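Trainee: Given next are the chains, with one letter for each unit.
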Amino acid sequence: MPQVLVDPALLSEVSRKHKVSEETLFKIVSAEKSMPVRTARLKEFKKLLGGV
Amino acid sequence: MLIQSLELENFKVFHGPNRIAITQGPGNVVVVQGDNGRGKSTIMEAVFWCLYGKEKRHDRLVPTQYPNIVNNTARKEGQNFARVKVGFEHDGKSIEVERSVRARPHIPNPARKSDFEEEMHFKVDGSDLGEDNSLLYEIFPEDVANFFFFDGETISRYAEAQENNRETVEKALGLPYLRQAREDIEKVRKEFEKDLRDVQSSPETEKTEQELKLLRGQAVEHVTRLNEQEAQLECINNDIRQHQRNLEEFDDLRGIQQRIQELEEFSLELDREETAMLSSEETFKAEVPWLILGKFVRGAVETVGRVKEQAVQERIEQGRLMDQVEFMKDLKGSGICICGNEMDAEGLGHIDEVLEKLNGALGTIQVIETDRYSWTQSDLTTAMSKARSVDEEQRNIHGLEAKRRYLDDNRARVSKALERETESMRVHSAQNLREKEVFERLTQLTKEKAVVQSKLDEIRDILNVTRRQVSELERQLEISFSKKSSASRDLLESIGRSNRALKAVDEIIDRSAELKRAEIEMRSSKIYTSITNKPREFIGLSIDPQSFEVKVRAEGGDLVESKKLSDGERHVMALSFLGGLKDSTHEGTLIMDSPFGRLDQTHKTRLIEKIPELAQNVVLLVTDEDLRPDDWKNLSNVQRKFMLDHDQVQKYSRIQEVN
Numbered sequence: 034m035p036q037v038l039v040d041p042a043l044l045s046e047v048s049r050k051h052k053v054s055e056e057t058l059f060k061i062v063s064a065e066k067s068m069p070v071r072t073a074r075l076k077e078f079k080k081l082l083g084g085v
Numbered sequence: 003m004l005i006q007s008l009e010l011e012n013f014k015v016f017h018g019p020n021r022i023a024i025t026q027g028p029g030n031v032v033v034v035q036g037d038n039g040r041g042k043s044t045i046m047e048a049v050f051w052c053l054y055g056k057e058k059r060h061d062r063l064v065p066t067q068y069p070n071i072v073n074n075t076a077r078k079e080g081q082n083f084a085r086v087k088v089g090f091e092h093d094g095k096s097i098e099v100e101r102s103v104r105a106r107p108h109i110p111n112p113a114r115k116s117d118f119e120e121e122m123h124f125k126v127d128g129s130d131l132g133e134d135n136s137l138l139y140e141i142f143p144e145d146v147a148n149f150f151f152f153d154g155e156t157i158s159r160y161a162e163a164q165e166n167n168r169e170t171v172e173k174a175l176g177l178p179y180l181r182q183a184r185e186d187i188e189k190v191r192k193e194f195e196k197d198l199r200d201v202q203s204s205p206e207t208e209k210t211e212q213e214l215k216l217l218r219g220q221a222v223e224h225v226t227r228l229n230e231q232e233a234q235l236e237c238i239n240n241d242i243r244q245h246q247r248n249l250e251e252f253d254d255l256r257g258i259q260q261r262i263q264e265l266e267e268f269s270l271e272l273d274r275e276e277t278a279m280l281s282s283e284e285t286f287k288a289e290v291p292w293l294i295l296g297k298f299v300r301g302a303v304e305t306v307g308r309v310k311e312q313a314v315q316e317r318i319e320q321g322r323l324m325d326q327v328e329f330m331k332d333l334k335g336s337g338i339c340i341c342g343n344e345m346d347a348e349g350l351g352h353i354d355e356v357l358e359k360l361n362g363a364l365g366t367i368q369v370i371e372t373d374r375y376s377w378t379q380s381d382l383t384t385a386m387s388k389a390r391s392v393d394e395e396q397r398n399i400h401g402l403e404a405k406r407r408y409l410d411d412n413r414a415r416v417s418k419a420l421e422r423e424t425e426s427m428r429v430h431s432a433q434n435l436r437e438k439e440v441f442e443r444l445t446q447l448t449k450e451k452a453v454v455q456s457k458l459d460e461i462r463d464i465l466n467v468t469r470r471q472v473s474e475l476e477r478q479l480e481i482s483f484s485k486k487s488s489a490s491r492d493l494l495e496s497i498g499r500s501n502r503a504l505k506a507v508d509e510i511i512d513r514s515a516e517l518k519r520a521e522i523e524m525r526s527s528k529i530y531t532s533i534t535n536k537p538r539e540f541i542g543l544s545i546d547p548q549s550f551e552v553k554v555r556a557e558g559g560d561l562v563e564s565k566k567l568s569d570g571e572r573h574v575m576a577l578s579f580l581g582g583l584k585d586s587t588h589e590g591t592l593i594m595d596s597p598f599g600r601l602d603q604t605h606k607t608r609l610i611e612k613i614p615e616l617a618q619n620v621v622l623l624v625t626d627e628d629l630r631p632d633d634w635k636n637l638s639n640v641q642r643k644f645m646l647d648h649d650q651v652q653k654y655s656r657i658q659e660v661n
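As you go down the protein sequences, you meet chains S and F in turn.
Be aware that the first sequence starts at 34, since it is given in my numbering, and climbs by one per residue.
Be aware that the second sequence starts at 3, since it is given in my numbering, and climbs by one per residue.
Simulated from the structure, these hints should not be mistaken for laboratory data.
Note that the structure is predicted; figures quoted are calculated from it, not measured.
Heads up, the beta-carbon is just placed ideally off N, CA and C, and yes, glycines get one too.
Just so you know, not all the hints are guaranteed correct.
[What the hints assert, rightly or not] Simulated pairs of lysine to any residue, SDA-like, Cα-Cα distance not exceeding 25 Å: (1) F:485 with S:84; (2) F:457 with F:470; (3) S:50 with F:485; (4) S:76 with F:189; (5) S:52 with F:182; (6) S:79 with F:488.
[As the list claims (entries may be wrong)] Computed footprint of chain S on chain F; a stretch qualifies when at least three of its residues, placed anywhere within it, have a C-beta under 8 Å from a C-beta of chain S: (7) 183-191; (8) 503-516.
[Stated by the list, open to error] Partner residues are not named here, just some residues of chain S that face chain F (Cβ under 10 Å, in silico): (9) 51; (10) 64; (11) 75; (12) 84.
With the hints as constraints, model all of the structure from the sequences given.
Mentor: Now the structure itself:
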């Protein structure tokens, strides 16, 4: 079944490399699963990336 | 997606209600066995139709064909409907999808699509969402389903390069979620960029700037007008001052006129005083004889009295004056005489002498003439009473003389002053005509000044309002610029964060895909090597990182394309790939329709042994030929077995569970 399986070690490494907080990155990669409605997702992303 | 039950009613070859139940352990393999044409592939079709509303024909999904989807026997029995229900579990949720097609009422022989109506219910944990099956498409898209519900006859295509192979595999792996996240980030970034553009070209700021520009322009205009009006006011004030000066000059004229008037009044006063003086003088003159007489009498009394008192007294007593000549003789030597008509020459000589003396004494006394030559006693008494002392008379005379000198002096002074003022008046008289003009002009100027002043006040008010507005707008603009600057900075940071997040997600996608690819490759290879009868020649599978094309890795490292393999080898390769793919997701049901069609017995046996490992649940749709009695010995973990009974007369099938 389709699912997001991002290796935590990979997430951590990429987070450091691209200077994006691990928490933000985790929320991004899991947002599709946790927030099926896109408008809600975009709103959340805007908050996350807007530094709110 | 773990299928738990499958219900078919009047669906194509199946008549009446039919059900396949798949329960959790023991065993994870469900076998549905039936000869060709009994409905094995129809079961697969029923699953696709129920989930996606499309019929699966070979390798394609096509729109539902009405009315063929309804079982013929059922139609003959008047049951013009078909129904399929798939129950499955996903993420702990119990999901049911039920789709049915039913002929519309009052249509005796429904044959066209429009004669039927289709209905679908998507239920999650018992909650009916109607036709909203978007969740299904999220968890199990159509193209992903192809990897899990597959027909063995076309299985080889999964081993061949396809344009959307990677995309489809990625879907099976859930990578589209990450791609969707990437798209979302991209969209958010674009929104940030748009916000930045909006902020930088803020219509509000532009509007404020335009308003400010306009107001500043207006303020400049007001100032210009103000300056003009002030200049005009200054001109008017100058003009007014000039005219006021002119009026002041006219005031001088009025002064002259006033002074002339005063002089004339003074002159009249002098006239009146002169008249009075003259009157006094006349009075005095009228009294002079009596004064002289009085003097004379006193002198006579004093001088003569002693000598001739008796004689005089006698004459007085006799009632008549003595003979004037004699009297005069008598008085001779007293220094005083009196004239009369009957005076002789000697007497007149004395009179002249007396007059001369009197003139010397009195100055202005004119010739005194009297016709009286004889005085009575009363005359003398009157004369005596009126007579005054010389000193008094002299004081009177001096007063009159002083008055005359005063009058003469003042009259001369007034005359000169009048002459002078008259000359001034003459000089200024030319301006008299202008005085009226000046006054009228001054009045007009005053009115003009009021108008200009009013305009000036009005402009000042407007200017003040405009300046306040400018000040307010400048303040707003400053705030706006400040906010703009702050917002721009924040947005730039947000865009930067978005870009970094995009790169991070890109890397996660690429590396996850690669990890998955490597994992699938490893698992597929493992399955492949366990099934293939050439484990020494072919050591595994290779999945292309870009296209996900599956190739066989030969000993020595060479990659063998699927088209160079035999059908059986290609079949094994595809099964291994799907098995590896399935295995990598660790869950779900695998439905395999005739998976052994092109395999030789060796491959078939090995695959049968491997089947329980391929997925959490496996539904095998096979013929008797596919699974011979010997094959059953190799198939482990069988949970249930169903047979497809077929009515040769009615030409329909039914699913029967066998023990």
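Trainee: It remains to establish, for every hint, whether it holds in the given structure.
Mentor: These are the hints, each one checked on the structure:
1. Between residue 485 of chain F and residue 84 of chain S the alpha-carbon distance is near 17 Å, which keeps this suggested pair within the 25 Å criterion.
2. For the suggested pair residue 457 of chain F and residue 470 of chain F, the alpha carbons sit about 19 Å apart, so the restraint of at most 25 Å is met.
3. For the proposed pair residue 50 of chain S and residue 485 of chain F, the alpha carbon gap of about 32 Å is over 25 Å, so the pair is violated.
4. With a C-alpha separation of about 11 Å, the suggested pair residue 76 of chain S and residue 189 of chain F falls inside the 25 Å cut-off, and the hint holds.
5. The suggested pairing of residue 52 of chain S with residue 182 of chain F holds, with an alpha-carbon distance near 21 Å, which does not exceed 25 Å.
6. Our distance criterion of 25 Å between C-alpha atoms is met by residue 79 of chain S and residue 488 of chain F, whose separation comes to about 17 Å.
7. For the region 183-191 of chain F, the proposed coverage by chain S is satisfied: 6 residues have a C-beta within less than 8 Å of a C-beta in that chain, meeting the threshold of three.
8. Look at the region 503-516 of chain F against chain S: 8 of its residues bring a Cβ nearer than 8 Å to a Cβ of that chain, three or more, so the hint holds.
9. For residue 51 of chain S, the suggested interface contact is upheld, since its CB lies about 4 Å from the closest CB of chain F, less than 10 Å.
10. Checking residue 64 of chain S against chain F by beta carbon gives a least distance of about 6 Å; that is within 10 Å, so the hint holds.
11. Against a cut-off of 10 Å between C-beta atoms, the interface hint on residue 75 of chain S holds, since the closest Cβ of chain F lies about 6 Å away.
12. With 10 Å as the threshold, the beta carbon of residue 84 of chain S comes within range of chain F, its nearest partner Cβ sitting at about 6 Å, so the hint holds.
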